[in-house]
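Protein chains in written order, with this note's numbering: chain A, 1 to 270; chain B, 1 to 247.
It cannot be assumed that every hint is accurate.
Label pairs and their calculated CB-CB ranges [claimed, not checked]: (1) V39/B / P168/A: 24 to 30 angstroms; (2) A35/B / A165/A: 45 to 51 angstroms; (3) D130/A / A35/B: 48 to 54 angstroms; (4) V63/B / D13/A: 19 to 25 angstroms.
Just so you know, the hints here were simulated from the structure itself, not pulled from any lab data. All values derive from a computational prediction rather than experimental measurement. Here a beta-carbon is modelled for each residue, glycine too, at the ideal position from N, C-alpha and C.
For reference, the chains in residue letters:
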Amino acid sequence: MIEFRGVTKQFPDGTVAVSDVDIVIPPHETTVLVGSSGSGKTTLLRMINRMVDPTGGQVLIDGTDVATVDPVKLRRGIGYVMQNSGLLPHRKVIDNVATVPLLRGESKRAAHARALELLDTVGLDRSLADKYPSQLSGGQQQRVGVARGLAVDPNILLMDEPFGAVDPIVRAELQQELLRLQGELGKTVVFVTHDIDEAFLLGDQVVIMQQGGRISQAASPAEILANPADSFVADFVGADRGKRALHVREVDGRRIVVDADGRPAGVLTS
Amino acid sequence: MNLFADAFAWLADPANWSGAGSIPQRLGEHLWVSAVVLVIAAVIALPVGAWVGHTGRGREPAVMLSGGLRALPTLGVLTLFGTWLGIGLQAPVIALVILAIPPLLAGAYAGFESVDRRTIDAARAMGMRELQIVGKVELPLGLPIVVGGIRSATLQIIATATLAAYIADEGLGRFIFSGLKTRDYAEMLGGSILVILLALVVDGLFALAQRLVVPAGVRATRARELRSGPARSRAAVGQPITEGNQQ
């Protein structure tokens, strides 16, 4: 369990990225932080592995204040997947995946064997192990990034807009893969995105953030749609417009669901 | 114009290839002095440059220092230290070290700075210590540029090490200075040709080294870019990550 208690981050230039955030991130579930740029969602994520230290408040993992833990040790125990994969360009795929186990002092043989298994886990062919990142497609690189994040079998997996830089078809594929993986592995996933559809698809809990690093609402997707906390949330999730503002229309005796523009979205079957 | 013919005749004369003050001996001295200077300058400049490039701190002073040192006339520095330290190798070595520091420093910080900030950020987020980031990420990726700095420093040292003979009985510069004094222009030109050849050969070796230190994964990217044209924008490289602990 990850807990933020009154967490604030003010950068030296005076910008307040996160302001007085209290939130609990439950274990073995996916929590998605969503908001537009400047809402502090990435800063919030990076406080978990001390890539950013808060200027006020505490971040706790299973009751331990992360400020008391050596940042390097902390990071080696937490998976981290970033946008643009962040792979080391001068190392082969297998060495990239094995980086953290090797840093932790595992033998090369064991780390490589585990890395090959992880390539299977994320749906990559083992023949890619000896390629360099630049020889892979964007989607493949991102899968390698996920494999690397899982390499030490961490309890916590931080994902910072991991699918932001790939095309929509590959993104949809990667999202399904993540859902499958999460179903198998049950990690505590903290996922940052600016895409509310992605947030609703992946998140057990969705945390909506607004400018200045304040949380507008943290709840399940269904609750947010049913009870948006304020007009900002309602507007952000588009509850009153577009493809989410569905209503029922009768056509030839069957009940068709249409969106705000009148385009059919489906049929009610019960 | 028999000067060149005379110079080549001087070079071909077996008498100049053996005994005290022969061409092989001077060549050896020249290389030895150059190597000593390079090592001293590298020990001073490379760690400082790496630190500047890694932390991003002290960049302004480093640029100013290397620019300022570049402006110093080596002959003047040599004379200054010569009057102080007297005859011998100390003064030329100091003057040449001062000459060699700017390109080494610039190469080191440019090399370390050239590494994509996002790659470094990812390495740190994975749990690499700062020294591991320097050794396992920044050094291998920035090495071609660092070696470029060493290459240009070496070229300048070899060319300028002729000045050592101004104040010490060392190096290929002896032929130039003694030829000048005795109006033996064949010897003077022959000595110059040797310096030029040495500089070109060593520069060629460094050019080769510079290609060899490009990491394989990076070479693969370049080959692909070459095939597909300028597909990737260079603007993204070196883009700073703003959301992090500002140091």
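Outcome of the hint check:
1. V39/B / P168/A: 24 to 30 angstroms: Cβ of V39/B to Cβ of P168/A: about 56 angstroms, so the range 24 to 30 angstroms is violated.
2. A35/B / A165/A: 45 to 51 angstroms: Since the Cβ atoms of A35/B and A165/A sit about 47 angstroms apart, the hinted range of 45 to 51 angstroms holds.
3. D130/A / A35/B: 48 to 54 angstroms: Once the Cβ atoms are compared, 39 angstroms apart, the range 48 to 54 angstroms for A35/B and D130/A is violated.
4. V63/B / D13/A: 19 to 25 angstroms: holds (24 angstroms)
Against the hints set out earlier in the document, violations occur for numbers 1 and 3.
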